[in-house]
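*Asks:* Chain by chain, the residues:
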Amino acid sequence: NAGVMQNPRHLVRRRGQEARLRCSPMKGHSHVYWYRQLPEEGLKFMVYLQKENIIDESGMPKERFSAEFPKEGPSILRIQQVVRGDSAAYFCASSRTSGLEGTQYFGPGTRLLVL
Amino acid sequence: GENVEQHPSTLSVQEGDSAVIKCTYSDSASNYFPWYKQELGKRPQLIIDIRSNVGEKKDQRIAVTLNKTAKHFSLHITETQPEDSAVYFCAPIKAAGNKLTFGGGTRVLVKP
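Which chain is which? The protein sequence lines are H and P, in order.
Using this note's numbering, the first residue of the first sequence is number 208, and each one after it goes up by one.
Using this note's numbering, the first residue of the second sequence is number 8, and each one after it goes up by one.
Honestly, I wouldn't trust all of these hints.
[As the list claims (entries may be wrong)] Each computed DSS-like pair below joins lysine-lysine, with the alpha-carbon atoms no more than 27 Å apart:
1) P:K65 with P:K75
2) P:K75 with P:K106
3) P:K65 with P:K49
4) P:K106 with H:K278
5) P:K101 with P:K29
6) P:K118 with H:K234
7) P:K101 with H:K269
8) P:K118 with P:K78
9) P:K106 with H:K251
10) H:K258 with P:K101
11) P:K65 with P:K101
12) H:K251 with P:K101
13) H:K269 with P:K106
14) P:K29 with P:K118
15) P:K64 with P:K101
16) H:K251 with H:K269
17) H:K258 with P:K29
18) P:K118 with P:K49
19) H:K251 with P:K75
20) H:K278 with H:K258
21) H:K234 with P:K101
22) P:K106 with P:K64
23) H:K251 with P:K49
24) H:K251 with H:K278
25) H:K234 with P:K75
26) P:K65 with P:K118
27) P:K78 with H:K269
28) P:K64 with P:K49
29) H:K234 with P:K29
Hint data in this document are derived by calculation from the structure and do not stem from the laboratory.
Looking at chain H on its own, in the form it has when it is part of the complex (with noise of 0.2 Å):
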């Protein structure tokens, strides 16, 4: 049983250009969140989705990010005009369900390196 696949596991960009970031959840999995972590730092929220729908986007910056999950294939977090500090690993985790027993398993991250 395949665990959560995120991909790029790197990407590099220039300022100004955008980046894509995919994660497929584990199999059974509907349950989506991504979570950024600067260097030396703790992971922080930023998007919770189930499939079509964002349920809360409350630590999704209000410019230039965005994040969905379609109904047929991964999810996607988008950076748009990046920017040095969008510098960070990226990752993301997934659930069966909501709630109590919606223990989240993560992916292995993608790291973005802003040039």
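Dock chain P against the given chain H, drawing on the hints supplied.
*Replies:* Here is chain P on its own, set in the frame of chain H:
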């Protein structure tokens, strides 16, 4: 929102000794208390969790204890080994939500 603090921020122990990390939280509605281990350059991995109707849970060398009245829970690692060296995060969660709020992390170094 939830305010989560971990202590200590770094912990150095001799191989074979015990390590204890404490996590305090502010939201009394929190009902699920996981601990994640993150090795350098790797993903966070769930190592143990506890729910609010239980005071203690043990899994081999790892245990978690919960004090809901005082709003803190602790990770205990006994007979530490070099492979226990990592950063450990607590992430208490409210019953009605799924947003994990992570503590700042505790860097554990086990010296052989």
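*Asks:* Next step is simple, just say for each hint if it's right about the structure.
*Replies:* Do the hints match the structure? See the list:
1. Taking the CA atoms of P:K65 and P:K75, the gap is about 18 Å. The hint holds against a cut of 27 Å.
2. Distance hint between P:K75 and P:K106 is fulfilled; the C-alpha atoms sit about 20 Å from each other, no more than 27 Å.
3. A threshold of 27 Å between alpha carbons decides the hint, and for P:K65 with P:K49 the separation of about 24 Å falls inside it, so the pair holds.
4. The straight-line distance between the Cα atoms of P:K106 and H:K278 is roughly 22 Å, inside the 27 Å bound, and the hint therefore holds.
5. As the CA atoms of P:K101 and P:K29 are separated by approximately 19 Å, the hinted pair is consistent with the 27 Å bound.
6. Only pairs whose Cα atoms come within 27 Å are accepted, and P:K118 paired with H:K234 is rejected, the gap being roughly 39 Å.
7. For the suggested pair P:K101 and H:K269, the alpha carbons sit about 24 Å apart, so the restraint of at most 27 Å is met.
8. A threshold of 27 Å between alpha carbons decides the hint, and for P:K118 with P:K78 the separation of about 31 Å lies outside it, so the pair is violated.
9. Taken as a hint, the P:K106 and H:K251 pair is honoured in the structure, with Cα atoms around 10 Å apart against an allowance of 27 Å.
10. Distance check on the hinted pair: H:K258 and P:K101 sit about 22 Å apart at the alpha-carbon level, within 27 Å; holds.
11. For the given pair, P:K65 sits about 22 Å from P:K101 by alpha-carbon distance, which is consistent with the 27 Å threshold.
12. Taking the CA atoms of H:K251 and P:K101, the gap is near 16 Å; set against the 27 Å cutoff, the hint holds.
13. For a cut-off of 27 Å, the pair hint linking H:K269 to P:K106 stands: about 18 Å separates their Cα positions.
14. With a C-alpha separation of about 21 Å, the suggested pairing of P:K29 with P:K118 holds against the 27 Å cut-off.
15. Between P:K64 and P:K101 the alpha-carbon distance is near 19 Å, which keeps this suggested pair within the 27 Å criterion.
16. Of the pairs offered as hints, the one joining H:K251 and H:K269 holds, with about 15 Å between alpha carbons and a cut-off of 27 Å not exceeded.
17. As the CA atoms of H:K258 and P:K29 are separated by approximately 36 Å, the hinted pair breaks the 27 Å bound.
18. For the hint pairing P:K118 with P:K49, the CA-to-CA distance comes to about 21 Å; that is within 27 Å, so the pair holds.
19. Straight-line distance between C-alpha atoms of H:K251 and P:K75 comes to about 24 Å, which keeps the hinted pair within the 27 Å bound.
20. Taking the CA atoms of H:K278 and H:K258, the gap is near 6 Å; set against the 27 Å cutoff, the hint holds.
21. For a cut-off of 27 Å, the pair hint linking H:K234 to P:K101 stands: about 25 Å separates their Cα positions.
22. The hinted pair formed by P:K106 and P:K64 meets the criterion: a straight-line CA distance of about 23 Å does not exceed 27 Å.
23. Annotation: proposed proximity of H:K251 to P:K49 holds, straight-line Cα distance about 16 Å (limit 27 Å).
24. With a C-alpha separation of about 26 Å, the suggested pairing of H:K251 with H:K278 holds against the 27 Å cut-off.
25. This hinted pair does not check out: H:K234 and P:K75 have alpha carbons roughly 34 Å apart, beyond 27 Å.
26. Of the supplied pair hints, the one linking P:K65 and P:K118 holds, its CA atoms being roughly 24 Å apart against a limit of 27 Å.
27. Of the pairs offered as hints, the one joining P:K78 and H:K269 is violated, with about 32 Å between alpha carbons and a cut-off of 27 Å exceeded.
28. For the given pair, P:K64 sits about 26 Å from P:K49 by alpha-carbon distance, which is consistent with the 27 Å threshold.
29. Straight-line distance between C-alpha atoms of H:K234 and P:K29 comes to about 34 Å, which puts the hinted pair past the 27 Å bound.
The earlier numbered hints that this structure contradicts are 6, 8, 17, 25, 27 and 29.
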